[in-house]
Amino acid sequence: MKDKTSKNQVLLKRQDFLKGMVAAPLVIAGLPNSAGAKPSASDAGNNVSYLFDSTKCIGCRSCTSACNQINDAELFSHDRPLDLSERSRTAIRVFLDDTKDKGTFIKRQCMHCLHPACVSACPVKAMRIDEKTGIVYNDPSVCIGCRYCMVACPFDIIQFEWDKKFPKIIKCTMCKETNLKTRGITACVDVCPSGALIFGTRKKLLAEAKKRIKKNPKKYVPKVYGEKDGGGTNILYIAGKDFDELGFPKNLGDESPAVITESIQAIYSWFIAPVVAFFLLFIPVSKNFKKVAGEENEG
Amino acid sequence: MKKSEGSLAQQPLFGKIALAFVLLGLIIFLIRFFIGLGPTTNMSAGFPWGIWIAIDVVVGTAIGTGGFLMAILIYVFNKGSYHPLIRSAVMTSAFGYSIAGLSVIIDLGRWWNFYTLLLPWRWNTHSVLFEVAICILAYTIVLWLEFTPVLHEKGEDSGIMKIGFIKSIVNKLNEKKDGANKLLIVVITLGILLPIMHQSSLGTMMAIAKTKLHPLWHTPFLPILFLISIGFMGYSVVAIEALYSSFYLKRKYEVTMLRNLAPLTAALAVIWIAIRFFSLLSEGKAGLMSSSGTLSTYFWLEIIAVIIGTILMIAVKFSSSPRFIFISALFLIFGASLYRINVYIIGYNPGSNYNYVPSVMETMGTFALISAEFLLYLLFLRVLPILPAEHK
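Top line first, the protein sequences correspond to chains A and B.
In short: position in the first sequence from 1, add 71, done, that's the working numbering.
In short: position in the second sequence from 1, add 762, done, that's the working numbering.
Some hints could be false.
Heads up, simulated EDC-like pairs for lysine to aspartate or glutamate below, C-alpha to C-alpha not over 16 Å straight-line [claimed, not checked]:
#, chain 1, residue 1, chain 2, residue 2
1, A, LYS361, B, GLU1045
2, A, LYS290, A, ASP313
3, A, LYS247, A, ASP201
4, B, LYS939, B, GLU915
5, A, LYS294, A, GLU316
6, A, LYS274, A, ASP313
7, A, LYS358, B, ASP940
8, A, LYS196, A, ASP210
9, A, LYS362, B, ASP940
Derived from the structure by calculation, the hints contain no laboratory data.
Excised from the complex, chain B in its bound form:
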């Protein structure tokens, strides 16, 4: 880890590729808005949702739950010692959710009617999607509010303060510090409540597709499984993103803090695996684990990734290598992401006359959003005081 030539992202080529993806994505999204979803994507009546929902929103917001998980640790379980990690976690979350929201707008067929979601007399409270949409919208706002102290700290002289309305907000907060803190407590509480609601509901959402979602994934435990999987996935994202930030800014790794998080991460993964198997066995679906052809493979891929990640996470206790933490976190993120994609696309079978493979433009669109998120992340990391003071 002593490569002194700097991180990949500092090399102009890497940044240029990401930027090229973003520009290509802009063109694709223009085509989507001026011609339609049909020519840009491979979605069909059988597969009304593709990767713009399954990856950009369902996996994307799960990756963005680090902020929420750190907030629970620090503010509910009184582990203030983790506070140095929260800023970068909240920033990742804010980008993850904003990009997911953008993807929803791109994916909505009748996006100009989106405002109807904000009219209380139109609310269908039976609808899982209603709850998910409102919560994601509210939580995105909450995340950016949680981020305001960073701007506040950056102070008068920074470039960002030249933007008029940000300056006026920060100044107002400065004037009424007590009031602002009270508001921040409300915001933090909402920032814990809202993800619990909508992350579990992202699982509930597919419970309605009883005849289409393969029984290996369709179970009343969907909301609980989704909620617990963001536990180990989110802490893994926090670890990766903390390690990468230090790598990028050539700083010391927060190994101790991340090692302390490892047992909790592993415990959540173990609980998830236990519930996963309990639900399959109690619903009499044990045979399906081996008899479902390709789907059995995807099922085991998902399970084995989580199991390997868990074992490595437990072993992190005996190692101080940041690379080790990085790899175990990658396994857990891969497993939990595949679980989500299995529920939304791979295990979803509307009938033999339909199949779905994302189109080139669809895939490029997803790459564009991920690249945009990555570039903005690096920019913010350089411009704003995100990482804690280096020595303790």
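In isolation and in its complexed conformation, chain A is listed as follows:
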């Protein structure tokens, strides 16, 4: 598996290189281009994942409490956060129906995108994907705190410790260094009492989600959120209500937002275009420089 990924990456790099050379003018013309594309959804089957079935969530918020206790012990309180903040990596949001007597709970946390905009945006590779698990995490030891990841994230997940002198970026890491390491499962899924959260590989959970929808088409809208949205995410959702009404970004589409910027930036791959441009500019500049300098000496 590991060999395969590294070979894929070499191939990808080579593609990047060729595209950079050949496609730069095409990109300017606005043609679609997939330079820098990460493995597609089908390659991510073995990624660590969990499925949130909102029809089963009772809104008890054991998950947010457990997350806080495991990952931010020093901040731990039995807070029931209404939304994400630098003190809560996950939160349960409530979306009331028009009648106001019923509602839908949605768990919010990092979606762990397959082609994350935040990773693409980070200038210093502080935001990364763990190759084995597909987990998106931040390495504070290199992070410069520019917060471009927060601008880039279409789900508005990433948090920043605004009130600290030496702040960090805060986001869900799927308990990469905590519960996942010690118990092989994320803290939130570990404690969920209602079965709204189930843990597994992305492939398995995608199949399970589709099975549930097929079995109970009246209960669910026919969509697994995260299968393709924003290029696909590791965290999957099924719900009884349209996802547009549940706080998910509108007009995200099936492509990662990073595709737009990466195809434009492909002009710069391997610095070929800038170097060529440099020499094209150098010729007239050196000619005219002598002229201007000469005129000045005469004058």
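Chain A is already provided as a structure; the job is to place chain B on it using the hints.
The following block gives chain B in isolation, referenced to the frame of chain A:
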């Protein structure tokens, strides 16, 4: 324009106010570094970037593109006759970019890690911000190198030559004049290439915020629109700054030269407006121009400012009043600046649960940086041979 009592800046009160702003800013920046960004600014998870990026960096560097634009005219298009304007343009650029760089450091949450940006194995070449950061850093150095001939000309006796390392650099350049000139050609070429790269990328940067940036501003044309808008904005800055320098030092205005620049400035603005509307129409967003509420107002404010500026710029041909050039340039700068602020803040909507109005300290911080730039500009203007010989 025959006010003989001198410019505003020569009156002690005006300078004192600017100085007070700078000192206040120093205090604010100390608070920022010793307490944090939260208590000083109104940024939030929804608005991770405020005016310290949108105004100080995005608008600030655009104002600083005059040097680059004059270099293109003179060295690529062989218009040597504009050479007298280049020094003050390069100086404005050098200050604009240095202040923007300073603002980035102040704004960075984890500024002590800034050096990681210089380690090639940390570079993420997919990142637009990576390219922008490296280019702005390099271009700031390039601008100060472009400025060295001025120091060189100032000669041995000036105060600035008392600073040891500046003296040694100037002396070295004197010894190897051919080599120094070759280096200067490389520097000038870089000074043309780097702004093309990062000024367009400042537009690309917000293309990634596909779900947050309002469709009136989100388009694949962002990099092209940003690049062309610095065209008319930068030449307008050159005009304003040339007029103001003459006013400040009580010299004759360079009206002829600035009038000759006006058609080019207007042409760039017309191209920009054309692309702006072409992108909106071709992407089927024509309806949004009127149906987006307050955002429609901001959109039209930006467009109308550029249109008025363009019409006045064309009319400059028939007038020789420096005031006329000044006003048309102001309109164009306002339009292009508002365009940038619209893309970075006003048209950026992370969701209804967030809003952003800069805090008092944040605003004062921006004022402080602008005041510092202005004061340094006036100081350099007096001390160094920036303006050309008065008569031709």
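So, going through the hints one by one against the coordinates:
1. A:LYS361 - B:GLU1045: Between A:LYS361 and B:GLU1045 the Cα gap is close to 47 Å, so the pair fails against 16 Å, i.e. violated.
2. A:LYS290 - A:ASP313: 12 Å, holds
3. A:LYS247 - A:ASP201: 9 Å, holds
4. B:LYS939 - B:GLU915: 13 Å, holds
5. A:LYS294 - A:GLU316: Measuring from Cα to Cα gives roughly 14 Å; hence the hint holds.
6. A:LYS274 - A:ASP313: 23 Å, violated
7. A:LYS358 - B:ASP940: 14 Å, holds
8. A:LYS196 - A:ASP210: Roughly 8 Å between the alpha carbons, so the hint for A:LYS196 and A:ASP210 holds.
9. A:LYS362 - B:ASP940: Satisfied, since the Cα-Cα distance of roughly 15 Å is no more than 16 Å.
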